[in-house]
Amino acid sequence: MSEQTTETSESEEIINGKNVVAGKCPSLASRFRGCMLGSLIGDCLGQPFEGEERPISKSVLNSYFEKLHDSNLKAPYKAYTDDTAMTFSVAQSLINKNRFDPQDMAKKFVDEFYAHPRRGYASSMTDVFKALKRDDCKDPYGPGRLLYAGRGSYGNGSAMRIAPIALFCHSNAEEAMHIAYKSSLITHANELGYNGAILQCLAIQKALHSDSSVPLDVDQFALYLQEKMATIEKNEEQPSMLNSFLHNSSQPRRTTINMTKSSYVRKLQEMRHLLKNPTVSAEKVVDVLGHFVSAYGSVCTAIYSFLRSAKDDSASAGGSSESPVQRAIRYAISLGGDTDTIANMTGALAGAYYGHEAVPPVLLSHCEAEGVEQAIELADCLYQAVEK
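Sequential numbering from 70 applies to the sequence shown in the working numbering.
These aren't lab readings, by the way, just hints derived from the structure by calculation.
Small disclaimer: the values here were computed from a predicted structure and weren't measured.
Glycine included, every Cβ here is placed at the ideal spot set by N, Cα and C.
Keep in mind that the hints are not guaranteed to be accurate.
Simulated restraints on C-beta separations [claimed, not checked]:
#1 R188 / K93: 33 to 41 Å
#2 Y183 / Y293: 18 to 26 Å
#3 K345 / S140: 34 to 42 Å
#4 E244 / G120: 33 to 41 Å
#5 K353 / Y183: 39 to 47 Å
#6 S192 / R123: 24 to 32 Å
#7 I164 / D196: 36 to 44 Å
#8 E244 / S96: 20 to 28 Å
#9 K143 / Q289: 42 to 50 Å
#10 Y293 / K136: 34 to 42 Å
#11 S331 / R123: 22 to 30 Å
#12 D286 / L215: 41 to 49 Å
#13 E352 / R220: 27 to 35 Å
#14 P145 / G120: 15 to 23 Å
Using the sequences provided together with the hints, build the complete structure.
Shown next as structure tokens:
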């Protein structure tokens with residue numbers, strides 16, 4: 070890896086603390102940038118801790134972030150993973166086609182994988198991309214549908230890349246759910262996989278349009294998501310835009326959800342209970358919400374990390390002087406497990422809520438420079454596409 074030095078600009082101290090003007094909401098364009106950059110930072114900074122079985126101690130994270138803020142630090146940049154690579158591919162396809170095109174998006178995934186195969190892709194995704202390449206992506210849904218004996222993947226690989234869809238469809242929740250579902254099927258045809266992506270997409274949209282100049286009502290935020298998922302998880306009450314597609318014979322049919330075991334509604338209810346306890350331990354959060362590579366064991370964890378941090382400035386060791394985006398990402402990393410993906414999803418939410426101004430440049434300086442440039446460019450292009 071090449072070496073990137075950390076330099077402090079005159080404005081950096083303001084942004085590293087809280088470059089958020091009191092009583093003023095960030096612009097939509099700023100929120101688009103914040104979402105893409107927050108996602109990138111979470112991925113890059115979370116990756117070194119990936120696989121930690123237990124929550125990470127405050128002392129370890131304090132030391133980690135203190136070093137990142139040290140203007141004299143010279144260290145190799147932190148490369149982004151498949152999380153960001155696939156997020157960029159989703160954005161590029163939406164921008165180029167100005168709509169969802171499953172074949173084009175599948176090709177973008179394949180091209181990116183073969184150009185940079187060492188980004189940390191799961192072996193199941195490698196199998197999907199190889200199969201797509203053999204068929205020149207003529208059937209973009211076929212390989213994903215065949216994974217795990219036809220059950221499809223229930224991993225968080227679709228949820229982690231969903232941010233551009235939330236931005237592209239920011240004013241239309243039904244369209245966002247529809248595209249989130251269809252884009253997920255390219256790689257994640259299991260209902261827990263694609264429903265997790267839909268949930269993360271809805272959460273980003275909600276953050277994007279929430280008033281950040283006043284305290285966030287975290288319970289109402291979570292309740293909104295719970296009600297949306299309750300509609301999705303009832304077979305007879307599918308959202309109209311999803312209904313015909315879900316039951317198209319050429320696509321995998323939904324199986325009946327066991328509401329007591331694998332329901333996002335139940336998980337969101339549990340999350341709301343946790344949010345009411347400001348002193349709940351990281352171990353308890355992991356026990357209830359998970360920190361795993363499954364969508365069911367990570368999406369609600371990311372949403373919780375954002376909401377907990379938004380609710381209380383002192384939720385993590387950084388305290389009230391810490392950037393709110395960093396605070397959310399720090400907490401997500403502290404839970405251990407699939408840290409890059411959970412922090413990536415948390416960062417997307419925090420960035421969408423607080424905007425570009427709350428993203429610390431010093432943290433961006435430690436991320437792969439090409440990724441920072443691309444995140445900004447794609448965010449701006451997505452904004453221009455929807456504001457035409």
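- Taking the beta carbons of I164 and D196, is their distance inside 36 to 44 Å? 28 Å, violated
- Look at the Cβ atoms of D286 and L215 and judge whether their distance stays inside 41 to 49 Å. 43 Å, holds
- Hint says 33 to 41 Å; check whether the CB-CB distance for R188 and K93 agrees. 37 Å, holds
- Lying within 33 to 41 Å: is that true of the beta-carbon distance E244 to G120? 36 Å, holds
- Look at the Cβ atoms of E244 and S96 and judge whether their distance stays inside 20 to 28 Å. This hint holds: roughly 22 Å between Cβ atoms.
- Query: Is the gap between the beta carbons of Y293 and K136 within 34 to 42 Å?
  - Reply: Distance hint for Y293, K136 holds at roughly 38 Å.
- Query: Measuring from beta carbon to beta carbon, are S192 and R123 in 24 to 32 Å?
  - Reply: Holds, at about 25 Å.
- Task: Confirm or reject the claim that P145 and G120 have a C-beta distance inside 15 to 23 Å.
- Result: Roughly 20 Å apart at Cβ, these two residues keep to the hinted range, so it holds.
- Using the beta carbons of E352 and R220, state whether their distance is inside 27 to 35 Å or not. 31 Å, holds
- Query: When you take the CB atoms of K353 and Y183, is the distance between them in 39 to 47 Å?
  - Reply: Holds, at about 42 Å.
- Query: Do K143 and Q289 keep their Cβ atoms within the hinted range of 42 to 50 Å?
  - Reply: 45 Å, holds
- Holds or violated: 18 to 26 Å for the Cβ distance of Y183 and Y293? 40 Å, violated
In the structure shown, a violation is registered for the earlier hints numbered 2 and 7, in ascending order.
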